[in-house]
Each structure stands twice: as C-alpha cells, then as structure tokens.
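Chemist: Given next are the chains, with one letter for each unit.
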Amino acid sequence: MASEKGVMLLDFWVSPFGQRARIALAEKGVQYEYKEENLTEKSELLLKANPVHKKIPVLIHDGKPVCESLIIVEYIDEVWSDKATLMPSAPYQRAQARFWADFIDKKVYDCGSRLWKLKGEEQQTAKKEMIDILQLLEAQLGDKKYFGGDSFGFVDVAFVPFTSWFYSYETCANFSVEGVAPKIAQWAKRCMERESVAKTLSDPKKVYEFVCFLKKKFGVE
Amino acid sequence: MEEAKGEEVTLFGFWSSPFVHRVIWALNIKKIKYKYVEEDLSNKSALLLEHNPVYKKVPVLVYNGIAIAESLIILEFIEETWKENSIMPQDPYEKAVARFWATAAGDGLWQFFITEGKEREEALTSVINNFELLEKELIGKNFFGGDRIGYFDISVGWISYGVPIFEEITEFKIITEQKFPLLHAWMEAFSNSELVRDTLPLREKLSERYRKVWEATMQKKN
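Chains as they are written, first to last, in UniProt numbering: chain A, 1 to 221; chain B, 1 to 222.
Keep in mind that a hint or two might mislead.
As the list claims (entries may be wrong) - Straight-line distance between alpha carbons at most 27 angstroms, and here's what the computed BS3-like set of lysine-lysine pairs gives:
(1) K55/A x K118/B
(2) K199/A x K183/A
(3) K95/B x K54/A
(4) K56/B x K128/A
(5) K215/A x K35/A
(6) K64/A x K95/B
(7) K106/A x K95/B
(8) K64/A x K118/B
(9) K95/B x K128/A
Claimed, not checked - Partial pick of chain A residues on the chain B-facing surface, computed with a CB cut under 7 angstroms:
(10) K48
(11) V52
(12) V66
(13) C67
(14) E68
(15) I71
(16) Y75
(17) F175
(18) A185
As the list claims (entries may be wrong) - Covered stretches of chain B (in silico footprint by chain A; criterion: 3 or more residues with CB under 8 angstroms from a CB of chain A, positions within the stretch not fixed):
(19) 66-74
(20) 81-93
(21) 185-198
It should be emphasised that the hints constitute simulated quantities derived from the structure, not laboratory data.
Since this is a predicted model, take the numbers as computed values, not measurements.
Idealized CB from N, CA, C, for every residue including glycine.
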C-alpha cells in the first residue's frame, strides 16, 4: 500500500462489523473514503491489507491497515481522542467494556445466522440461545441510557449494528425482541436518535432481503 | 514484589492452559504478588463459577474482590492497573497490530494438530502464511515487543512450546531455522528467558497431555 495520507475503509454495505467502524468514525467526525468490496471477488487491496483473514472491515490509515472491527474501533478511539470518547477511563470499566463487546462478537452473529439457516429443532435451540443472549445483555444494560452509561460507548458501538438484524431474527424464528428484552428494544430506538447510527445502519427490511438472498444461496427453504 | 496496601490478587487457573500462562507471564513481568488457585476443570469450584458465570472458564483474575475473565482482557487490565514495567506499545497502530496477532497467531495450529489429509493441508497452508507474516514482524527486533518481552510476545508465547510439541507428535516440522530464522530465534529466546523458563510446566508433562488429546481425537476418527 502506498503511504497515502488519509483514512480509507474497506467494507460491505450490510456488514454489522463494518458498521461499527463507520459509526465510530462518524462519532469522531473523521473524514474517510468508503470502498465497497465485492465479497465474491475481493479486491487486490483487500487481500493485501488483510492477508490473514481476507475479510472486511479493514481501516487503512496513512497506508497502514488495521483489521478486526473491535480492534479498529479501539484504534479510532485512541487516535481521534479529542472527542466522543468511546472507552471508559477506569481499568475495571474498560475490562468490562471489552468483555461484553467480545461476548457480542462471539455470540450474536453466529447465533443469528443459525436462526435463518436452520429449521425445526435446531432452529428452536438457536432461538432459545438468542433469547438468552438478549436477556444477558439486557441485564448488563439495566436502566442505563446506554451500555456506556450516560454516554454512547464501546459496547453500544459493538452491538447497535445488530439491531437492524432484529427484524430478520424475529421473522425467521418467530419471536419478538421487545417481548423478550424490552430494555434492549428501547435502547435500540434511543441509539437510532444518534445521527452516526441513523445514517449508518441498514434498513431492517433491506437486511431481511439480504438474508432471504443468503437463504436462497445456501439452499435453505 | 509490588503489593500496595490492601491489594489482593488471585488467579484461578489450570496448569496446562496457554491462556493461563499468558496471565502468569504478565503478572511476573509486572512483579505482582498473587495467590494462585489450581482448578479441577472436571469439577469447577463454586468460586470460579461465581467469578465467571458467563463462560465458567479459566483464567480468571480477581483483584480486590472484582473478577476479570478472558486472558487478553486480563492482560490489558494488568497493564492499566499496574503502571510500572509496561507490556503494551505506546503507539496506537502498534497496539492494533499486537492485538490482532494476539488472537490470529494461533489460527489453524490446532486444526493442523488434530486433523488429517486435506483438512490438515489447508490448516497447514494457513499456519505457514501466518508464520511468514509473523517472521516479518520480527525484523530488526529481538522480541515482538522490541527489546523486551511484552504483550505481543506473551499473547503468542504458547507457540514457543506448543509448536515443538505438535511437531514432535505429528512428526512434521513447521518452524525450521532455514524457513523461519527469526521466528526460530524468537522461540529460543522466549523459552529460555528467565520469565518463561521458571514458569512453564515441565515440557514432558505438557507433551504428555497434548499427546493424550491427540490420540483420543485420532481414535474417534478411526
């Protein structure tokens, strides 16, 4: 990569992981170039920037690539530290923020995928798991405005892109997020009042269209 | 040994866990005095389950009554709580690179160890690609952290004993001095360092444990 000054984000429109990076950049008011990747035909730039996983998002800052969405968000928070701080300052709170963001990383997308990929008994198992995940996260949120407390923080950024997938999860597995985790549903609405979130998140109906496309592709009825 | 007034540090671990080793190394670099509790993973203690209800795993660090789980998160907590003998780089980009390799370095190694045929070939390709990149990270440095062992080294440190053990059991050499001179040198320097030498369980004991796992896995397949 040439040492071009500036910020570029290699991404895919509906990726919740890419959206984390976009939201963080928006919160910080960082100007950047967005490059949409064709995931069935990955660009030379992507393969060079992320030779290990060959995945988006990749943030390229002054020619240097940063991979893995949560690492990208922490990097953005550390470099553009003058505004909209996302990580708490105390070590224990930082550990907690990293723990729950990591939990979301380990659980949500994978379980969500099983909701639309599977049927019958297996789908029911995935549904129960998703409800458990949502309720565990709800317990973490409690009565706070955001996971970060009064201010929109790291865990909020980590989780909020998945809220536009709620409609798909609900439709495929026949349940209601509001029904099983009302505080999470309210939190999702609050987040949408933030410009960074509203401008970044995909329309839930478009996400559902994408899920249906994936279902066809994987031969799921 | 650093022990401020009223500071109580306990580490719940298991002797062979590479995740636990990371935390032990970090605590030792920082010269933090701590109590170690060996868990029986087939019969986890009530305390462990109370401190890590989400995953119920080791390592868990308990500091003045509060619990932190997940080895890499514990490492960053240790760095931020005890300021002396820093293990993280200062530069945000270097931090991002270290954090990336902390999880990616081991990719494919376990699959290489416990699979056969085409699956193993694929895993090996991935492992070799990663090691080639890691080799580049060592250019001009003694350790991934620079002059001293740091977060990057201790996060990927299990490779220094894991790979030789896997190589021995599978009878397949991955890291040779010719193919990966810097990585090979790093493995020697890291394993022989005062920090690691005195804290690692006996190589034979570790090797025996991995061999048992390998045999059990191979048996299940055949």
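Chemist: Has the given pair, K55/A with K118/B, been kept, meaning a C-alpha gap of at most 27 angstroms?
Modeler: holds, 23 angstroms
Chemist: Does F175/A pass the interface hint, meaning its C-beta sits closer than 7 angstroms to a C-beta of chain B?
Modeler: violated, 22 angstroms
Chemist: Would you mind confirming whether the straight-line C-alpha gap from K64/A to K95/B stays at or under 27 angstroms?
Modeler: The hint holds at about 13 angstroms.
Chemist: With the threshold set at 27 angstroms, check whether the alpha-carbon distance from K199/A to K183/A stays at or below it.
Modeler: Distance of about 23 angstroms is within 27 angstroms: holds.
Chemist: Given a cut of 7 angstroms on the nearest C-beta pair, is the interface hint for Y75/A held or broken against chain B?
Modeler: Hint on Y75/A: holds, closest Cβ of chain B at ~5 angstroms, below 7 angstroms.
Chemist: Taking 7 angstroms as the limit, does the beta-carbon of K48/A come near enough to a beta-carbon in chain B?
Modeler: violated, 12 angstroms
Chemist: Checking C-beta pairs, does the region 66-74 of chain B have three or more residues closer than 8 angstroms to chain A?
Modeler: With 6 residues in contact (Cβ-Cβ under 8 angstroms with chain A), the coverage given for the region 66-74 of chain B holds.
Chemist: Against chain B, run the beta carbon of I71/A and see if the smallest gap drops under 7 angstroms.
Modeler: Holds, about 5 angstroms.
Chemist: For a C-alpha distance cap of 27 angstroms, please report whether K64/A and K118/B respect it.
Modeler: At roughly 34 angstroms apart (the allowed maximum being 27 angstroms), K118/B and K64/A break the hint.
Chemist: Report holds or violated for the interface hint on V52/A, using the least CB-CB distance to chain B and a cut-off of 7 angstroms.
Modeler: This hint holds: V52/A lies near chain B, its Cβ roughly 5 angstroms from the closest one there, short of 7 angstroms.
Chemist: For the pair supplied as a hint, K106/A and K95/B, is the alpha-carbon distance within the 27 angstroms limit?
Modeler: Judged against 27 angstroms, a Cα distance of about 21 angstroms means the pair holds.
Chemist: Given E68/A as an interface hint, is the shortest Cβ-Cβ distance to chain B below 7 angstroms?
Modeler: Given a least distance of 6 angstroms, the restraint on E68/A holds.
Hint compliance for this structure: hints 8, 9, 10, 17, 18, 21 are not met, and every other hint is.
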